[in-house]
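Here the protein sequences come in this chain order: A and B.
For what it's worth, this note's numbering labels the leading residue of the first sequence as 341, then goes sequentially.
For what it's worth, this note's numbering labels the leading residue of the second sequence as 341, then goes sequentially.
The set of hints was computed from the structure by calculation and includes no laboratory data.
Wrong hints could be hidden among the right ones.
Derived BS3-like pairs: lysine-lysine, alpha-carbon spacing no greater than 30 Å straight-line [claimed, not checked]:
| hint | chain 1 | residue 1 | chain 2 | residue 2 |
| --- | --- | --- | --- | --- |
| 1 | B | LYS508 | A | LYS508 |
| 2 | B | LYS690 | A | LYS488 |
| 3 | A | LYS634 | A | LYS549 |
| 4 | A | LYS621 | A | LYS390 |
| 5 | B | LYS508 | A | LYS408 |
There are 2 protein chains.
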Amino acid sequence: MSTRSEFLKRLESWGTQLAKAILELEEPIMEIPARTLSNTIWDEKARMLKLGPEKLHRRFLDVKEARKFMQTVLMLRLIVEAIREDVYPTIRDLYYNGKHTIVFKDPLGRTHRENTWDEQSESNAVIEDIEVATNVLREEMGVSADVKGKIVGPIVVRSQGYELDASKFGETALSLPVNVDALEIVKVEASYVLVVEKDAIFQRLVREKFWSQEGAILVTAKGMPDRATRRFIRRLNEEYKLPVYVLTDGDPYGWYIYSVYKSGSIKLSYESERLATPDAKFLGLTATDIDTYKISDNYVIAANDRDIKRAQELLRYPWFQKPEWTREINLFLKKKKKVEIEALSTHGLKFLHDYLRDKIRSKKFID
Amino acid sequence: MSTRSEFLKRLESWGTQLAKAILELEEPIMEIPARTLSNTIWDEKARMLKLGPEKLHRRFLDVKEARKFMQTVLMLRLIVEAIREDVYPTIRDLYYNGKHTIVFKDPLGRTHRENTWDEQSESNAVIEDIEVATNVLREEMGVSADVKGKIVGPIVVRSQGYELDASKFGETALSLPVNVDALEIVKVEASYVLVVEKDAIFQRLVREKFWSQEGAILVTAKGMPDRATRRFIRRLNEEYKLPVYVLTDGDPYGWYIYSVYKSGSIKLSYESERLATPDAKFLGLTATDIDTYKISDNYVIAANDRDIKRAQELLRYPWFQKPEWTREINLFLKKKKKVEIEALSTHGLKFLHDYLRDKIRSKKFID
Numbered sequence: 341m342s343t344r345s346e347f348l349k350r351l352e353s354w355g356t357q358l359a360k361a362i363l364e365l366e367e368p369i370m371e372i373p374a375r376t377l378s379n380t381i382w383d384e385k386a387r388m389l390k391l392g393p394e395k396l397h398r399r400f401l402d403v404k405e406a407r408k409f410m411q412t413v414l415m416l417r418l419i420v421e422a423i424r425e426d427v428y429p430t431i432r433d434l435y436y437n438g439k440h441t442i443v444f445k446d447p448l449g450r451t452h453r454e455n456t457w458d459e460q461s462e463s464n465a466v467i468e469d470i471e472v473a474t475n476v477l478r479e480e481m482g483v484s485a486d487v488k489g490k491i492v493g494p495i496v497v498r499s500q501g502y503e504l505d506a507s508k509f510g511e512t513a514l515s516l517p518v519n520v521d522a523l524e525i526v527k528v529e530a531s532y533v534l535v536v537e538k539d540a541i542f543q544r545l546v547r548e549k550f551w552s553q554e555g556a557i558l559v560t561a562k563g564m565p566d567r568a569t570r571r572f573i574r575r576l577n578e579e580y581k582l583p584v585y586v587l588t589d590g591d592p593y594g595w596y597i598y599s600v601y602k603s604g605s606i607k608l609s610y611e612s613e614r615l616a617t618p619d620a621k622f623l624g625l626t627a628t629d630i631d632t633y634k635i636s637d638n639y640v641i642a643a644n645d646r647d648i649k650r651a652q653e654l655l656r657y658p659w660f661q662k663p664e665w666t667r668e669i670n671l672f673l674k675k676k677k678k679v680e681i682e683a684l685s686t687h688g689l690k691f692l693h694d695y696l697r698d699k700i701r702s703k704k705f706i707d
Numbered sequence: 341m342s343t344r345s346e347f348l349k350r351l352e353s354w355g356t357q358l359a360k361a362i363l364e365l366e367e368p369i370m371e372i373p374a375r376t377l378s379n380t381i382w383d384e385k386a387r388m389l390k391l392g393p394e395k396l397h398r399r400f401l402d403v404k405e406a407r408k409f410m411q412t413v414l415m416l417r418l419i420v421e422a423i424r425e426d427v428y429p430t431i432r433d434l435y436y437n438g439k440h441t442i443v444f445k446d447p448l449g450r451t452h453r454e455n456t457w458d459e460q461s462e463s464n465a466v467i468e469d470i471e472v473a474t475n476v477l478r479e480e481m482g483v484s485a486d487v488k489g490k491i492v493g494p495i496v497v498r499s500q501g502y503e504l505d506a507s508k509f510g511e512t513a514l515s516l517p518v519n520v521d522a523l524e525i526v527k528v529e530a531s532y533v534l535v536v537e538k539d540a541i542f543q544r545l546v547r548e549k550f551w552s553q554e555g556a557i558l559v560t561a562k563g564m565p566d567r568a569t570r571r572f573i574r575r576l577n578e579e580y581k582l583p584v585y586v587l588t589d590g591d592p593y594g595w596y597i598y599s600v601y602k603s604g605s606i607k608l609s610y611e612s613e614r615l616a617t618p619d620a621k622f623l624g625l626t627a628t629d630i631d632t633y634k635i636s637d638n639y640v641i642a643a644n645d646r647d648i649k650r651a652q653e654l655l656r657y658p659w660f661q662k663p664e665w666t667r668e669i670n671l672f673l674k675k676k677k678k679v680e681i682e683a684l685s686t687h688g689l690k691f692l693h694d695y696l697r698d699k700i701r702s703k704k705f706i707d
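Isolated chain A (complex conformation) (with noise of 0.2 Å):
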């Protein structure tokens, strides 16, 4: 595990090199990888979203670039302060401050005003901008952000000293960190990790331990999931080979969410290799599951447009280009019907113990 100084140390390099072109009376020209969608592939080997070998340089005496430029350098030297005075700045303190207006004269000597930046989706790209050239990630740079994952389970982890054992929470839960690459996993004595979508199905599991019955991590990122607790379930795949299942509803949107865990998100493609499980499989309703647990007619929810051209969407997509989803899509698509995860309690509140268990036993999971 490297420090923040030694993150530090490379994002003054960079620097450093940009300076040096100048004092050298020659052009800065940075270089940075193209998060564009044109330039994001589905690997298909490694099973996840990546980020294609375009690059583009940002010249200094492009005028085109010149304020991009001028933004990159002033967010990178934002960052450094921020780790020299050994503070966390969340992505928001960063864009306030950094954010001001410079006036100037044009050559017919009229005063012009001009933010560093008006948006907040102009200051993140940026740092999204030194991530992919610096290869030095947000939570590397000691930047806050918000973090939704909880988990409970036989885990003990360590974070500045501190051992947390996961299992003796009680109704408790332990909440994840910003940076989860500076958590130490100390010890794991589980048999797999449970992603719940749904809060509040993890706060029944919790309590009803099941996760105990099972020797189960199980995890909740309360719908879309953050990078921190995505990052945190890679690992557990990664370090320890530990099978990952992710329960969500049964609609178009629990399957996207299944698919950021699994393979990856657009937006992040630059991050897939920390944060994608390839190995993930996927616990969830699908549409054949409507028939297949008789779930009746009142409590199954007819899709809305949303649902139908977020199905279309996922036809499209390459990672969801195999005969179990194209055949599910389609048939949700067909029967315009999808289902929630607490519909399962129309067979009794025990219901999704036995769920959970036979389908991964019975291996009835999409992979």
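With chain A's structure known, arrange chain B on it following the hints.
Relative to the frame of chain A, chain B by itself:
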């Protein structure tokens, strides 16, 4: 602390009393405090929203009430069964578990089909009715729901026999359980509680060790707080006399979030005596702060129509009828400007710490 089986008795006896009436050939009648806006009262002395004395009588033989009567008995049965089976269903599980279609013939021989309930809002309302009628809370029934709160700081709690020292969590945090009343508070060595609206700011303050420098318990519920977080803060204030400070953005939404912690909410007014913390102080940004802290126009956001509407609502709420608040809200309505916590970063990334210390030490908060 009562156990779940003791609460079961109270629920059973409420049901038995209805059955007894029927066996004695009397009409079963439920008496339920009315959870209506008109029966929600601002209790000036207790400084919280409370439910008034109005009661509704749900009569079995009243055609208008029959559906609700049936729903209430059905839900009572589901909850009693869940406790007997030792499961912890979510409110959505109960909705599904109880949803079915009743088929009946009218006197003319025509067949009708009616659902026990159509929307979760209906089944949720019935759970709330049972809460107020029996004085057994959802948490006490063992019903699961989303939990948003997490904490760090000098406090030791015990959950199901496991002791958790929230000062020894490193960069992780302790997620609260659904039923915080079953959480035993073993030891508290804090000087105050700081409630932070935003999760990313919470992460920052954890990593910058602000809480250990201050001996403070740090809490976040990420936006509008859930019942568990509100209850836990109330307990810290009531049982340990800890001052509670709430840090939110400087906009009507942030101010309202503060008031929910302090005075309770209209929807859960029957719960205020457990959930509200009338002593809570507002530590977030005010309209005046934009001038006080010299926050330039660059970092200030123009209020939109929803902000304006919300501010006008706040002015009408009796619990905002204090000179400090009416002045601030009117200033906001005049200037139409809002400001986020992160805007303090304009004075450097460490300024947030100075701001918090200054507001607390110099009593620059609003009560």
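These are the hints, each one checked on the structure:
1. Of the pairs offered as hints, the one joining LYS508/B and LYS508/A holds, with about 14 Å between alpha carbons and a cut-off of 30 Å not exceeded.
2. Only pairs whose Cα atoms come within 30 Å are accepted, and LYS690/B paired with LYS488/A is accepted, the gap being roughly 25 Å.
3. Between the alpha carbons of LYS634/A and LYS549/A the distance comes to roughly 27 Å, so the proposed pair stays at or under 30 Å and holds.
4. In summary, the hint linking LYS621/A to LYS390/A is supported, as the alpha carbons are separated by about 20 Å, within the 30 Å threshold.
5. For the proposed pair LYS508/B and LYS408/A, the alpha carbon gap of about 43 Å is over 30 Å, so the pair is violated.
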